[in-house]
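Residue numbers (the numbering used here), protein chains in the order written: chain A, 136 to 328; chain B, 118 to 355.
One should not assume that every hint holds.
Unchecked claim - Derived DSS-like pairs: lysine-lysine, alpha-carbon spacing no greater than 25 Å straight-line:
1) B:Lys138 x A:Lys260
2) B:Lys138 x A:Lys209
3) B:Lys220 x A:Lys313
4) A:Lys300 x B:Lys220
5) A:Lys300 x A:Lys313
6) B:Lys220 x A:Lys209
7) B:Lys220 x A:Lys276
8) B:Lys220 x B:Lys138
9) A:Lys300 x B:Lys148
Hints are computed from structural coordinates only; laboratory data are not their basis.
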Amino acid sequence: MIAGNAASMADEALAAFSVRQPEAFDELVRRYQAKLLRYIRRLMILNEQEAEDLLQDVFLSAYVNIGDFDPELKFSTWIYRITHNRVISEFRKVSVRPTVSFEVEQEAVLRIAADINIPADMDRKILQKRIRDALARVPLKYREVLELYYFEGLAVQEISDVLRKPVGTIGTLMRRGKQAFCKTIDCHTLSLS
Amino acid sequence: MKKRQDIVGRVHALIKERGIKPKPGWVFSFKEVLLWALFSLSIGLGGMTAALIIFLLSEEEADIYLRAARNPGMLFIFLIPLLWLAVLAAFSWGAASTLQRTKRGYHWHAMTLIGISVVGSILVGGVLHSTGWSDALDALLGRGLPYYQDLRGARGRTWSQPEEGMLAGNVLRYTGPQTFLLLDLEGNVWEVDSSYVLALPLPQGMPVRVLGVISGPGYFTAEDVRPWRVPDMRMPPF
Numbered sequence: 136m137i138a139g140n141a142a143s144m145a146d147e148a149l150a151a152f153s154v155r156q157p158e159a160f161d162e163l164v165r166r167y168q169a170k171l172l173r174y175i176r177r178l179m180i181l182n183e184q185e186a187e188d189l190l191q192d193v194f195l196s197a198y199v200n201i202g203d204f205d206p207e208l209k210f211s212t213w214i215y216r217i218t219h220n221r222v223i224s225e226f227r228k229v230s231v232r233p234t235v236s237f238e239v240e241q242e243a244v245l246r247i248a249a250d251i252n253i254p255a256d257m258d259r260k261i262l263q264k265r266i267r268d269a270l271a272r273v274p275l276k277y278r279e280v281l282e283l284y285y286f287e288g289l290a291v292q293e294i295s296d297v298l299r300k301p302v303g304t305i306g307t308l309m310r311r312g313k314q315a316f317c318k319t320i321d322c323h324t325l326s327l328s
Numbered sequence: 118m119k120k121r122q123d124i125v126g127r128v129h130a131l132i133k134e135r136g137i138k139p140k141p142g143w144v145f146s147f148k149e150v151l152l153w154a155l156f157s158l159s160i161g162l163g164g165m166t167a168a169l170i171i172f173l174l175s176e177e178e179a180d181i182y183l184r185a186a187r188n189p190g191m192l193f194i195f196l197i198p199l200l201w202l203a204v205l206a207a208f209s210w211g212a213a214s215t216l217q218r219t220k221r222g223y224h225w226h227a228m229t230l231i232g233i234s235v236v237g238s239i240l241v242g243g244v245l246h247s248t249g250w251s252d253a254l255d256a257l258l259g260r261g262l263p264y265y266q267d268l269r270g271a272r273g274r275t276w277s278q279p280e281e282g283m284l285a286g287n288v289l290r291y292t293g294p295q296t297f298l299l300l301d302l303e304g305n306v307w308e309v310d311s312s313y314v315l316a317l318p319l320p321q322g323m324p325v326r327v328l329g330v331i332s333g334p335g336y337f338t339a340e341d342v343r344p345w346r347v348p349d350m351r352m353p354p355f
């Protein structure tokens, strides 16, 4: 019954149906797999297979705990929270320093460039590389906020819900993250070049 | 596109193969209720601790605390409230940390949560103290905790320093209009001259604290006479 209508249903409605009909959950997996896979690979160096295995665990955990989904939140926020927790737990397990292993999307580059006063018209490839290298050196507590904001396009309130931290704290982390990022990339020099 | 179908298929197959079912909603509701119950318990225990602190602080008047601050021998007066203050801090931290784990707890800053917990405990403590429970709690702990009894005995030791101007004991009888015999906490009898103190005759057997100076062997000139506890409904006024 769900299968035909699933594509037109909101995430939150699908989450409610998933409790009784696993087919509804398939549609949620379909909608979020690409986004979450990119998110995982941004936070952690993993090969494709490892990243997919981690993503699979995220979805299984989400399915088991779907009854804990708070309808007052957006489903995307909730699933990002589960993914974030799972990735952090994986960091602890493998005891490696989290780092960046991704290609920076053009859209994100433009957002960062506009927000941190980097001239977006400089050589794209150089800019992308500099942003990627700079982000890799930003401490995780700041980087995760910057990534959710610039790369996942979440609002500050949503980031607060994902990381379970007050909005004010997210604002502070964002500000310090930008400072750390700028310190690393040397925004001032970059804007003069 | 193949990869995407793979993950959907893999997750779906694993759910079927392993017979994975979503946890029932009541499990999460129960967890939330448990957290709120733990929070309430921490506030309750913190409230009892706050009641004891208020009780202990109200035993002595402000001038005694000022005296104690200048006299190392009287620092015991501060010790027990400080000890309970540490316990109150621990309960408040526990309450704040529990509150933060509730569904909406993360919206508040850690300092706000600690503030809510401390204020909650003090309010509960204030109610317990004003209804007389703090006195009963202190007595209960005195009977149940040997170390606490020792610490509480320190108050007696503090008030057994006539050379420091502090004497406590029970009124035996009046030997003149303004002089009475006092049996101190160490079993010595003192003749106390209270002519400089505007006080009504004290009932026989009443436990009192006397501030003053030694005016001779076995003689003490009072500058102030106070009941062993701050006057309240349980003590007759001077």
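Structure-based check of each hint:
A distance of roughly 47 Å separates the Cα atoms of B:Lys138 and A:Lys260; the hinted pair therefore is violated under the 25 Å criterion. Restraint check: the Cα-Cα separation between B:Lys138 and A:Lys209 comes to about 22 Å, which is no more than 25 Å; the hinted pair holds. In summary, the hint linking B:Lys220 to A:Lys313 is not supported, as the alpha carbons are separated by about 29 Å, beyond the 25 Å threshold. The straight-line distance between the Cα atoms of A:Lys300 and B:Lys220 is roughly 12 Å, inside the 25 Å bound, and the hint therefore holds.
The suggested pairing of A:Lys300 with A:Lys313 holds, with an alpha-carbon distance near 18 Å, which does not exceed 25 Å. With a C-alpha separation of about 14 Å, the suggested pairing of B:Lys220 with A:Lys209 holds against the 25 Å cut-off. Only pairs whose Cα atoms come within 25 Å are accepted, and B:Lys220 paired with A:Lys276 is accepted, the gap being roughly 22 Å. Among the hinted pairs, B:Lys220 with B:Lys138 is consistent with the structure: their alpha-carbon atoms are about 23 Å apart, no more than 25 Å.
Taking the CA atoms of A:Lys300 and B:Lys148, the gap is about 20 Å. The hint holds against a cut of 25 Å.
Going through the hint list in order, the structure does not satisfy hints 1 and 3.
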